[in-house]
Amino acid sequence: MTIELQGVAFSYADDATGLLLNIDHWTIARGERVLVHGPSGSGKSTLLNLMGGLLTCSVGEVTLLGQRLDTMTARQRDQFRANHVGYVFQRFNLVPYLNAIENIELASTFSAGKQRSSVREEATDLLHSLNVIPSDWSKPTSHLSMGQQQRVAIARALINTPEILIADEPTSSLDAENRDNFLRLLLGLVAEKNTTLVFVSHDLAIAEHFTRVQALSEFNQEHC
Amino acid sequence: MFLTVASKSLLNRKGSVAMTLMAISVAIFVLLGIEHVRQQARDSFASTVSGVDLIVGAKTGSLNLLLYSVFRIGSPTDNIKWETFEQVVADPAVSWAIPISLGDSHEGYRVVGTTSAYFDHFSYGKKRRIEFINGVPFEGIFDAVLGSEVAKTLGYAVNSKIVLAHGLATTSFSLHDNKPFTVVGILAPTGTPVDQTIHVPLQGIDAMHSDWPQGPSNLTVKSRADPGANPAKPESITAFMLGLKSKMSIFGVQRQINDLKKEPLMAILPGVALAELWQMVGLFEDVLRLISALVLLAAVLGLGAVLLSSVRERNQEIHLLRILGAPPYYLFLLIEMEAVLIALAGMMIGSASLYIALILVEDALFANFGLYLEADLLTVEGLSILGAVLLSAIVAAAIPSMQIYTAASQYFERQ
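In order, the protein sequences belong to chains A and B. For the record, in the first sequence the residue sitting at position 28 is 28 according to the working numbering, with numbers rising by one throughout. For the record, in the second sequence the residue sitting at position 33 is 33 according to the working numbering, with numbers rising by one throughout.
In isolation and in its complexed conformation, chain A is listed as follows:
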């Protein structure tokens, strides 16, 4: 299993309403493309943060690629995330004052074992395949359109060839045309690299692109 959650219980320290996540058992196999949907505030983002080691659960086991995240130190989780997990968010995916290439290079500096010279080459390959025109590569990313920024974000997330790509409502700020364009490019690259994709959205219109579609409530017994 690429991702395995076992007996996970989580609530924020300042939240007294009970458990936000209570997942008995949930797994994702290698190469699966999973769409998780659910209303806002239901814990989707928290789930993604647990899966990337940004948050740790007090109870339960989170295993990625056969490694227990919940027993790692904070530094180990950061290193693991840099090496194995890519993230794309709804917005703020890029450092606004750096250009596309620098954003991608920045992402690669935290991951181990990649030649600096090959990074630039791979970055330009990725940008080419994501239809970002070269004249936009050296502009500060704050000068790019939302659609362009999200495509640079895919390149940024995939530069370290992570086994797992986590996407948190990445299309919610895009219009229909940009959204379809974004999904086509993302899913194309994911399939090419056999990346496991966990995609969170409230938009079920895109469900056809995924191998599995699940509502969070199907595997989260909240407030138990």
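Rather than coming from a laboratory, the hints here were simulated on the basis of the structure. Any given hint could be a false lead.
These stretches of chain A come out as covered by chain B in the derived footprint (C-beta under 8 Å, 3 or more residues) [claimed, not checked]:
1. 10-20
2. 52-60
3. 70-78
4. 81-88
5. 96-108
Mimicking DSS-like on lysine-lysine, the simulated pairs with C-alpha atoms at most 25 Å apart in a straight line are [what the hints assert, rightly or not]:
6. B:Lys262 x B:Lys233
7. A:Lys139 x B:Lys14
8. B:Lys81 x B:Lys59
9. A:Lys139 x B:Lys161
10. B:Lys161 x B:Lys14
11. B:Lys261 x B:Lys81
In this text, all values refer to a predicted model and were calculated from it rather than measured experimentally. All C-beta atoms, glycine included, are put in the ideal place defined by N, C-alpha and C.
The hints should help you fit chain B onto chain A, whose structure is shown.
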């Protein structure tokens, strides 16, 4: 990459960063400038007199003797009889002697009666001799040689006639106006009290004070080598400077002079007395240093404040960098690096502008105040000041850095 992020992040916040940079630059300008002037002042102070082994005057404090004989400040307590002077100078250990006679002035500038030995032996700085830019040393009794500042301020040239007054005020009532002196020489600037001095022969002073009706202006000054032939031997002098044949005999000669039964005299070593005097001025130095330290403190506090307020605007960056796998200390170092970059840029701007300023004012300062500033900032003190600036910038940035570290560690725990 780390440097790119830090520098581009700064460029992204041009306004506040530029203001902070300016504050740091000004602080560095002030710090280095004060240190530089302080050091140069000390050097030029210590170089007021050199090559003189002993200064001899009537018994008084050593500082007082130094002040009136070298700096022309204050007044002598008593005179020295010419016979005593001759007796001391007759010592075989003595190589040369410069007698000086004080007490007269011209337009507020002190008049020093002396002999031509003054121009031959008196030196300043690193054994630099006095040089003439115009004219020659005095020969006639009513000849005068002017310090550069006297000539410049009063607009005198060679052959100008000047009238000396007894006492020191410009409005002195006892003008010796029946005995005008003729300017025969003008000295090059030295950056020492010599520049503010009017030099006349000892006999000129005596002649001026005597009832000599018109003064035998054809009289010439005889050198010490031939004192017997001197028709107008002065009665007394105020002090004298001695050069000895061997440095080894300094303390012996000093003791002899101090023990002289005939007249209560004292001999001082100019270097020792200068060091004593500088210690008294040292308090002023400390005040200057304190002020510049406070300027630096204000500047680095400003730096800290700007970085601190930037932390609040950087949630996006914290989020993003954490997602990418950056540990919280990366953000800590990022803020510190920004502080270091600002400090380094401030150092460059501050020292470059000081350097330019020094080059621009160098000539004017030397010409007007006799203060010689070398535009040499790469001294040990200068570098240690820059080191201290860097260190204080790092310390000031520690608070915002700690804050972003904490924010980064807890970022995902409160959503």
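Hints, verified against the model:
{"no.": "1", "hint": "10-20", "result": "holds (count 3)"}
{"no.": "2", "hint": "52-60", "result": "holds (count 3)"}
{"no.": "3", "hint": "70-78", "result": "holds (count 3)"}
{"no.": "4", "hint": "81-88", "result": "holds (count 4)"}
{"no.": "5", "hint": "96-108", "result": "holds (count 7)"}
{"no.": "6", "hint": "B:Lys262 x B:Lys233", "result": "holds, 20 Å"}
{"no.": "7", "hint": "A:Lys139 x B:Lys14", "result": "holds, 18 Å"}
{"no.": "8", "hint": "B:Lys81 x B:Lys59", "result": "holds, 13 Å"}
{"no.": "9", "hint": "A:Lys139 x B:Lys161", "result": "violated, 78 Å"}
{"no.": "10", "hint": "B:Lys161 x B:Lys14", "result": "violated, 64 Å"}
{"no.": "11", "hint": "B:Lys261 x B:Lys81", "result": "holds, 13 Å"}
Checked against the numbered hints given earlier, this structure breaks hints 9, 10; the rest are met.
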